[in-house]
Amino acid sequence: MLKSLLLATTLLTLASCGGVEKESGSTDSYPSKNINIIVAYKAGGGTDIGARVLTKEASSKFEKPLTIINRPGADGQLGFTELSNAKPDGYTIGFINLPNYVSLSLTRDTKFNKDTIIPIINYVYDPGLLLVKGDSEIDSIEEFIEYAKENPNEIRVSNNGTGASNNIGALEFAGMAGIELNHIPFGGSSDMIAALRGGHVEATLAKISEVASLIDSGELKALATFTTENIEGYEEIPTLTEKGYEVIFGSSRGLAAPAGTPDEIITYLHDVFKEVMESEEHMKLANDANMPIKYMSTEEYRTFIDNQEKSLKVILKDLGMIN
Amino acid sequence: MNEIINGFGNALLPINLLAALLSVATGIFIGSLPGLSAAMGVALLIPLTFGMGTSTGLIVLAGVYCGAVFGGSISAILIHTPGTSSAAATALDGYQLTLKGKAKKALNTAVISSFGGAMISAVALYLFAPPLAKLALKFGPAENFWLSIFGLTIIAGVSSKSVVKGLISGALGLALSTIGMDPMSGRGRFTGGSPYLLDGLPFTATLIGLFSMSQVFILAEKKLKKMAKSVIKEGDDEGLTIKEFKMILPTILRSGVIGSVVGILPGAGGTIAAFIGYDTAKKMSKNKSEFGKGSIEGIAGPEAANNAVTGGSLIPTLTLGIPGNSVTAVLMGGLIIKGLQPGPDLFTVHGTTTYTFFAGFIIVNIFMLILGLFGSRHFAKIAKVPNSILIPIIFALSVIGSYAIKNSLNDVFLMFAFGIVGYFIKKFGLNAAAIVLALIIGPIGEEGLRRIILMYPDDYMGQLVSSPISIVLISISALSLISPIVLNIIESRKEKR
Chain S
1 MLKSLLLATT LLTLASCGGV EKESGSTDSY PSKNINIIVA YKAGGGTDIG
51 ARVLTKEASS KFEKPLTIIN RPGADGQLGF TELSNAKPDG YTIGFINLPN
101 YVSLSLTRDT KFNKDTIIPI INYVYDPGLL LVKGDSEIDS IEEFIEYAKE
151 NPNEIRVSNN GTGASNNIGA LEFAGMAGIE LNHIPFGGSS DMIAALRGGH
201 VEATLAKISE VASLIDSGEL KALATFTTEN IEGYEEIPTL TEKGYEVIFG
251 SSRGLAAPAG TPDEIITYLH DVFKEVMESE EHMKLANDAN MPIKYMSTEE
301 YRTFIDNQEK SLKVILKDLG MIN
Chain B
1 MNEIINGFGN ALLPINLLAA LLSVATGIFI GSLPGLSAAM GVALLIPLTF
51 GMGTSTGLIV LAGVYCGAVF GGSISAILIH TPGTSSAAAT ALDGYQLTLK
101 GKAKKALNTA VISSFGGAMI SAVALYLFAP PLAKLALKFG PAENFWLSIF
151 GLTIIAGVSS KSVVKGLISG ALGLALSTIG MDPMSGRGRF TGGSPYLLDG
201 LPFTATLIGL FSMSQVFILA EKKLKKMAKS VIKEGDDEGL TIKEFKMILP
251 TILRSGVIGS VVGILPGAGG TIAAFIGYDT AKKMSKNKSE FGKGSIEGIA
301 GPEAANNAVT GGSLIPTLTL GIPGNSVTAV LMGGLIIKGL QPGPDLFTVH
351 GTTTYTFFAG FIIVNIFMLI LGLFGSRHFA KIAKVPNSIL IPIIFALSVI
401 GSYAIKNSLN DVFLMFAFGI VGYFIKKFGL NAAAIVLALI IGPIGEEGLR
451 RIILMYPDDY MGQLVSSPIS IVLISISALS LISPIVLNII ESRKEKR
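Just so you know, the sequences run in chain order S and B. When we follow the numbering used here, the leftmost residue of the first sequence carries the number 1, and every step to the right adds one. When we follow the numbering used here, the leftmost residue of the second sequence carries the number 1, and every step to the right adds one.
Pairs of lysine to any residue, SDA-like flavour, derived with a Cα cap of 20 angstroms:
hint, chain 1, residue 1, chain 2, residue 2
1, S, 61, B, 51
2, S, 317, S, 179
3, B, 138, S, 190
4, S, 284, B, 53
5, S, 56, S, 277
6, S, 64, B, 51
7, S, 221, B, 344
8, S, 111, B, 408
9, S, 114, S, 297
10, B, 223, B, 396
11, S, 133, S, 213
12, S, 111, B, 191
13, S, 294, S, 277
Going by beta-carbon spacing under 8 angstroms, a handful of chain S positions derived as facing chain B:
hint, residue
14, 74
15, 77
16, 162
17, 197
Hints listed in this document are in silico derivations from the structure and should not be mistaken for laboratory results. All residues carry an ideal CB built from backbone N, CA and C; glycine is no exception.
With the sequences and hints as input, model every part of the structure.
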């Protein structure tokens, strides 16, 4: 009895020491309070759903809650700015979306760029596809290009906003294939896809998670994927690379911390979230929500971001969107 | 058929009934507070539904959605501060009734109309979901442009005192709606170089400023000038009589259909439906002169319409995966998390879950009716709270509400700025409701027109009038403008005889 009391007292003392230590900024006791996770998009959107699926599974690994904070606005610019400006103590991290994060930092006068954050782990990679309506006369990517060459500016391609991810992908593809398309901006991905389904435009460029069920039901027809390898489960759709147009395009989301966050914390968070991501329960949830999970380590993720910036600089310059 | 009956059986399970009751109460509470919107309520509750059964989780989301849409009318009626934007039209006549001491009657009208509208949309949900969903896809740029033109014709209808001042208000709203990112080029317009305004004026913060904060200023001014001797008359405690119910029944049915259809259209939503409901109620009414002075038809019109949007907006969300407004967008996120991909499968493979959700939708609305009728006597007491207490409460709610939408202090500053604007709007007799309406429909019209020009550079005039839906919208816009004039002539002739 006395022994256990003594033990309890010792433990308590130790615990309270830990409490004092965290005040002094040591990382030993990390995490000892709520971790805020900034999502730069609206509650209920793709990024938000993904964030909530991941944090729901991860919450059991942390003693204190993980709190999602939605800071939507200006295509993510407001949330990304806040993430970059946050105190680098490991208690504020956030999701960054590529190519948006990099393309915003290149095309606008933003207070963030790839060096104001430290990547932790990549979570989702959602590859792009070129789509037409299921009953379209165009059946293949070759026919699409041929038609576009004979009828320049005739094919209307909806996108999710001028300069937004799908617009850049479509422009890059058109440049590579030497065709002219009529790019029509819509308010967001949902409107952009609805415009094709309603027959208001002839084609669109979307991510697999957004259109998987429409391809399955035959309402939309995928002509090619913007990948080097076939998309799992959709092996019959050719890749643009195998057709001779090396355009790789998709969107990714992952966790990042403000620059200056201690390495131990980055490693700690990476390890925890990696374990959660690979768990069976999480994979089931992600599958149900149509999220293509793709793990990248901190180093791989950093290289990925660097490469995106390099290629986006070239593309955006070619398109006349930056100097 | 079996699935429909099973759905009711499941929805009547004790856990689901409890979920429906609690969620609708939460929804009413959230909706009645300015700034806490239905979309926010649904988003906040989604993580909670992770741990529930799929049907229970969906019923919770429906409960919050429907409750919040009705809840917005409570504060609109009692303190002239619509809790949600879709209740802005309800404030027009609702607050007038409160001033006459008839708050309870107004609240009863609101909840009965809300229930009626929701039931009509439930019929649409059960019977016509797949065919009606196709309507949502047919709405392209041209149709959206004409929809916004039709919306603009309503401004004259909501401006009871002076049509000219109503039009000035509408023009002001349209001008304000151009702030933000250019929808075609993606460049900022009138944003002062800051990213904050790139998405346009933050809508809820603007609304809270125009309605709630300006109300604080008005009340405070009266208090300072010692005019505070309650403007609210000692009321009778009368509810809605059977005779009055019979009078508003046609309005409820009409607005229910309007709301169900508008709910299906992507981008339109509760606010536009409520204004159309108000405007048609006025045009069809035998007592037009009562509108703006405290007409119960002026409450039934918008309230039945905005609650009918709840069921209507579920149609494209469930059948096509195209959410028509921010609430259903969040709700669709909740569905997807549960592994329910919107589309035909929802009605076949997941039929039981879907029909349980539908039955839950009806049960939720029954609870809303009970809570609303039972509570109206107590809610009505708010109107009698002295201004010295009411002013700081509305002030605090306005600040918290505008901050909470995006956790942004900028929104609070903007809310204050629009509070001052709203104060002068009221002083000059301009119409805040018309500003809100124009602010919402401005971008729909601009984007529609500019998109069609971009899509058909050689033939945009032809394309604008090519579809049957466009023709219908043009016709009802013309009708909406001409009918008051024609009706006036007919009535004056009758009087001469």
